[in-house]
Amino acid sequence: MSISSTFHKWGSPRWFYQFSGRLLPWLAILSLLLLVGGAVWGLAFVPADYKQGNSFRIMYIHVPAAAVAMGAYMTMATAGAIHLIWRMKLAAMVMKAIAPIGASLTFLSLLTGAVWGKPTWGTWWVWDARITSVLILFFLYLGVIALHQAFENRDAAAKACAVLAIVGAVNIPIIYWSVEWWYSLHQPASISFTGESTIHPSMLRPLMATLCGMYLFFGWLLLLYTRIEILEREKNTRWVQDLICGESR
Amino acid sequence: MAMHPQRKQRLLIVVFILLVAGLAAGLLGYALKENINLFYPPAEIASGKAPVGKFMRAGGMVQEGSVERASDSLKVRFVVTDFSAVVTVEYEGILPDLFAEGEGVVASGKLGEDGIFYASEVLAKHDETYMPPEVSDALEKSAASRAAQQEKGSQ
Numbered sequence: 289m290s291i292s293s294t295f296h297k298w299g300s301p302r303w304f305y306q307f308s309g310r311l312l313p314w315l316a317i318l319s320l321l322l323l324v325g326g327a328v329w330g331l332a333f334v335p336a337d338y339k340q341g342n343s344f345r346i347m348y349i350h351v352p353a354a355a356v357a358m359g360a361y362m363t364m365a366t367a368g369a370i371h372l373i374w375r376m377k378l379a380a381m382v383m384k385a386i387a388p389i390g391a392s393l394t395f396l397s398l399l400t401g402a403v404w405g406k407p408t409w410g411t412w413w414v415w416d417a418r419i420t421s422v423l424i425l426f427f428l429y430l431g432v433i434a435l436h437q438a439f440e441n442r443d444a445a446a447k448a449c450a451v452l453a454i455v456g457a458v459n460i461p462i463i464y465w466s467v468e469w470w471y472s473l474h475q476p477a478s479i480s481f482t483g484e485s486t487i488h489p490s491m492l493r494p495l496m497a498t499l500c501g502m503y504l505f506f507g508w509l510l511l512l513y514t515r516i517e518i519l520e521r522e523k524n525t526r527w528v529q530d531l532i533c534g535e536s537r
Numbered sequence: 006m007a008m009h010p011q012r013k014q015r016l017l018i019v020v021f022i023l024l025v026a027g028l029a030a031g032l033l034g035y036a037l038k039e040n041i042n043l044f045y046p047p048a049e050i051a052s053g054k055a056p057v058g059k060f061m062r063a064g065g066m067v068q069e070g071s072v073e074r075a076s077d078s079l080k081v082r083f084v085v086t087d088f089s090a091v092v093t094v095e096y097e098g099i100l101p102d103l104f105a106e107g108e109g110v111v112a113s114g115k116l117g118e119d120g121i122f123y124a125s126e127v128l129a130k131h132d133e134t135y136m137p138p139e140v141s142d143a144l145e146k147s148a149a150s151r152a153a154q155q156e157k158g159s160q
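First to last, the sequence lines map onto chains A and B.
Under our numbering, the first residue of the first sequence carries the number 289, and numbering increases by one thereafter.
Under our numbering, the first residue of the second sequence carries the number 6, and numbering increases by one thereafter.
Calculated directly from the structure, the hints in this document are not laboratory data.
From the three backbone atoms N, C-alpha and C, an ideal C-beta is built for every residue, glycine too.
A hint or two may mislead.
Stated by the list, open to error - Straight-line alpha carbon distances no greater than 20 Å define the calculated EDC-like cross-link-like pairs of lysine to aspartate or glutamate that follow: (1) A/Lys339 with B/Glu108; (2) A/Lys406 with B/Glu118; (3) A/Lys339 with B/Asp119; (4) B/Lys54 with B/Glu69; (5) A/Lys339 with B/Glu156; (6) A/Lys523 with A/Glu440; (7) A/Lys339 with B/Asp142; (8) B/Lys54 with B/Glu118; (9) A/Lys339 with B/Glu118; (10) A/Lys406 with B/Asp102; (11) A/Lys447 with A/Glu517; (12) A/Lys339 with B/Glu95; (13) B/Lys59 with B/Glu118; (14) A/Lys339 with B/Glu49; (15) B/Lys59 with B/Asp132; (16) A/Lys406 with B/Glu49; (17) A/Lys339 with B/Asp132; (18) A/Lys297 with A/Glu517; (19) B/Lys38 with A/Glu440; (20) B/Lys59 with B/Glu73; (21) A/Lys406 with B/Glu139; (22) A/Lys377 with A/Glu468; (23) A/Lys523 with A/Asp443; (24) B/Lys80 with B/Glu95; (25) A/Lys406 with B/Glu145; (26) A/Lys406 with B/Glu133; (27) B/Lys59 with B/Glu106; (28) A/Lys339 with B/Glu97; (29) B/Lys80 with B/Glu126; (30) B/Lys80 with B/Glu139.
Claimed, not checked - Derived list of chain A stretches under chain B, where covered just means 3 residues or more per stretch with a C-beta under 8 Å from a C-beta of chain B: (31) 329 to 340; (32) 413 to 427.
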């Protein structure tokens, strides 16, 4: 199968709806298993930190929420670019579906960060490069949501949102390297892909579980929201009406 | 697979948007370089880069053995170092739990004419190391035994 035919198949809302329907239960089960299992593991079975004691355990939610919030933004910006270049309608739906999920994850990471910051740093909030750039990420998500609401015309809304999403993508490397480029209160990353991680393996393993769980959870929500958007937009087509009638009968 | 010319043009527009946004962010970051930094390290305070008498933050490591507490009040005095320069910080109030000698700290306040930093707030800067207490004990023990061995070797 050639690249272009795969692309066309993926761009078909009907095909996507059917394919994603088969993925949904697997994503749901796996993500909940990893999230709940990793959280219980991290909260109850991992030893306390040598300096922070028990408060470090909030990272089992904080780190996945922040990482997936950034990954979700890159997915949204990529979908925006695909929509702008190939005019793929499905990409516009994916973009619209991501914004509220990403906003919630960003809010969760800011909230858990504040709750951790109070006992660790001695303050809920400080305007350092990391925290401020994540706050900007939150506003970018809100901006995409608001922009979607502001347009009557769907195509115009999708175009405007795509441009905003692409411009905002510049913020993602800034968030990632903010703790290296500037003096900040937030510590640099503990997980290293090239060198040795500065987090003990016994603490890292449950974090990896909740991190994978959060990515899958995002994938699950993304499919769910996109499917709702597909049904909404294609409600006048034959296949959706057949689907609805077939289910209600 | 040759790309449709219209799509190619739109791809170029997307790349252009990214480049312009990246350039704008880069210039903004360059212009605000000093302001984005949350604190001044002691080296910059010593070289006179930090403003005197204005609100700012100083950050670095609390020097080992430098913390002096007043016996009749919450007043505390300690030295912050970045291993090239030092600044003395005076503060009255409750310190965060993780404040300790040899740990990172960010103090906000004003630098006095006398060169002492009068802090109104002291925050602990946590580093990126996470480990269970047994591991840190074991590490300390092995470091101590290595130091003892080295001492023996040099004698």
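Of the hints stated earlier, which fail here?
2, 3, 4, 5, 9, 12, 14, 15, 16, 19, 20, 21, 22, 25, 27, 28 and 30
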